[in-house]
Amino acid sequence: MTRTDKAPPAGSSLAAELHAMASGLDKAALRGAVLVHLKQVLRDGRAAAEAQLVADGHGSACARRLSQLQDDIIGAIYEVALRHVYPAENPTSAERMALVAVGGYGRGMLAPGSDIDLLFLLPYKQTPWGESIVEFVLYMLWDLGLKVGHATRNVDECVRLSRGDMTIRTAILEARFLWGDEKLFYELTQRFDAEVVRGTGPEFIVAKLAERDERHRRQGASRYLVEPNVKEGKGGLRDLHTLFWIAKYFYHVRSGDALVEAGVFSRSELALFRKSEDFLWSVRCHLHFLTGRPEERLSFDVQREMAVRLGYTSHPGMKDVERFMKHYFLVAKDVGDLTMIFCAGLEEENAKPTPLLNRFFPFGARRRHRKITGSSDFVVEHDRINMASPEVFARDPVNLIRIFHLADKHNLAFHPDAMKQVTRSLKLIDAKLREDPEANRLFLELVASRNQPEVVLRRMNEAGVLGRFVPDFGKVVAMMQFNMYHHYTVDEHLIRSIGVLSEIDGGDRASEHPLANAVMPTIQDRTALYVAMFLHDVAKGRPEDHSIAGARVARKLCRRFGLSPAQTETVAWLVEHHLLMSMTAQSRDLGDRKTIQDFAAIVQSLERLKMLMVLTIADIKAVGPGVWNGWKGQLLRTLYYETEPLLTGGHSQVSRDERVAAAKAELAEALADWPAAELDRYLDRHYPAYWLRVDLPRKIAHATLMRDADRSGRTLATAVSTRAFESITEITVLAPDHPRLLSMIAGACTAAGGNIVDAQIFTTTDGLAVDTIFIAREFETDAEETTRALKVGALIEQALSGAVALPEAIAKRAKSRARIKAFTVETNILLDNSWSNQFTAIEASGLDRPGLLYDLTRSISDLNLNIASAHIATFGERVVDVFYVTDLTARKVMNANREASIRRRLRQAFEGTQPAEKPAVRKSG
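Whatever position you read off the sequence shown (first residue = 1), add 602 for the numbering used here.
No lab work stands behind these hints, which were simulated from the structure alone. Among the clues, some could well be false.
In silico PhoX-like links for lysine-lysine, alpha-carbon gap of 20 Å or less [claimed, not checked]: (1) Lys1077 with Lys1029; (2) Lys1011 with Lys973; (3) Lys749 with Lys641; (4) Lys1196 with Lys1034.
Work out the full structure: start from the sequences and follow the hints.
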């Protein structure tokens, strides 16, 4: 019945406080006093909930406390409205109302920033009294700073709308009575069950599972994204909510214990459900408290502080934040396991075909059972592999590996019952099974399968088999790396890399990887390559270098897998050097013969070169979307082509002078239409390094640019060229040479939004510089990219002519560093004279920021060093810039004091504390 009695509702001390406060106050004064008091109650209640969460770590309890706090406040507001502001002394049958919590609030659990979803339930149409009550309650809640979702409907409307709208249906499914007329709420629940729920279970299941799949697609499809959404992401709270909705709707249960009684979950699985829910609520509540807003994404800038709040500490090889995120991903995996088990129970319950369920549980006209060739322990049910009997794993634990091998071999999906039983049989994977030759043979065939090894390995990992069968892999399951470069956890990255390798192996995407696709069929031992791919990051998270530790792990595991000593050594070498080709290609001068010679000395054989190139491509592509691009592919191909002759004995021993003469003759032939005298003058304008390091098409373009500039009397000019396949755009700058030229070009690119990935710098004999920079492509079409590049080129010309002040332009362009600020990257300045016979190589690595390249090149110029080439590589928040330099006498830097000065100045550049900018000074001579 409607509460109109004089005493406050039982159990509500807050309502009693407001009732006492109301005496002697008019309506306007009462509203103000109530609002002030409730604001304090809300602040105190949230502070107490946060303190208790920090003390006990129970997220579910915190969510219930916050919900109870909200119940008390809403009930108190409603009582004030009903008893003191708009009292109904003799209410008619229409002047009744029930306040109902719906949606997430209906579950009785709230995060600090959650919306408050309310249904004002009426018996008939709205009345002026009802409008006044609703308006008073809502305005009070809004004035308290709460975000309220609300609807005012009668029972008929609720039933009618929920039939046609799945969102409304789900909200009412979770309805919970708060205050008002309880009989009205009871009428709604009875009619909802009878007129909406009854007979529509399959329809609801299909809708919720489809909704879940679409949500996963929007969030990135993987539960192993390193910045997960706690609420909406795969393995997050919403997945548990979906299970709750379906259970409540289909099984008519109101508690987890009822799911155990229905045979859907075991007691241990129910305990896991509650443990997972508690952890996710803890993370979500902490996240809201920390950010002061309803933030659901565990972004990099909050992960470290979240780890501290949740009590994680650093261990050798793993930071506190990495341990926290690993726990998070393990819980997300548990949520996935529970979902699979729950769906198996649904299918068991729906043994008879139901058309609406066929999308998810493919019942149909095909034969229900058929045998699998070569195994009596498994059968095929509707193109899904299942157990012939529940004892197959207990009788022969090798079947825990065989089921995945057979699924891959026959291209079968997995029956939910089989996966449920696999998950419940993990304890059978012990030392004996790990050493079993047959189990290892099957596993090796699976890893190097020509079908879809990525798909089956992922299911094997999700079921928990992969980590138990290969414990070293188990150590990196759910392990994240706290950086912006890696998009996935280590295990997910390894499995994705197998998928990319399989694509190349199958001849897919030949246009994207022409050399790799051509080389792959010629590799003599593809099994060794697949095993190396599977193991290349398996030692991440250890105190020592993961490449060296990984090689040691590979030697141990390869023997167990049944590989020969020669195969084992190949796998170990690939794992130890899996970063070599990538780092050489991106950070070294590929036009310097010493670079190629040093790389070839490590690789030693053409077979290793082939395997390393294919492995490198798959590794980079599996890091995450957008990491691979055509420019990296071009660098790898260049390194391959330059190294191949050295490894096959085909390298020409032609002298440097002869090679320079040949390059000049080649260009002269291409420019045969030039007047002889003009051509001779041009050929004399370049030093030997230019002729040896620039390819013919670029030489022709440079000649055209310089000829046009001479004829127009200009010494400052730019030219642009788009290279779509390599995903870069080339900008050539012709300008009077001076030490700060590259710095000013870099600053202009930063101001224009151009991301430099490489640079070549050449000086002519008549005092000009021909600098070629390569910037990352932004636009899809060449026309748009050319327009953008011309704007960058124009800004470079303006900066070099003094028309633009670079520091101010860079400051305007600099974007927010919130994400980068979350990271700490050690600054390291390395000077090495062994990388080149002619130059000192400076490798500067550390935390990236807008304008960093400008500051680094400016500092190098201020140190009176000439930059011959620059190679810019960015790995998320970490940058590795390599400069090949000489002093002003064209010699290497050999003095220890000079080296120390260079290190000090470049460290200052990273820290943004270098001296103020000097005016540009032209080089003498």
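Here is how each hint holds up against the structure:
1. Lys1077 with Lys1029: Holds: Lys1077 and Lys1029 sit about 17 Å apart, inside 20 Å.
2. Lys1011 with Lys973: The given pair, whose Cα atoms are some 14 Å apart, holds under the 20 Å limit.
3. Lys749 with Lys641: 14 Å, holds
4. Lys1196 with Lys1034: 51 Å, violated
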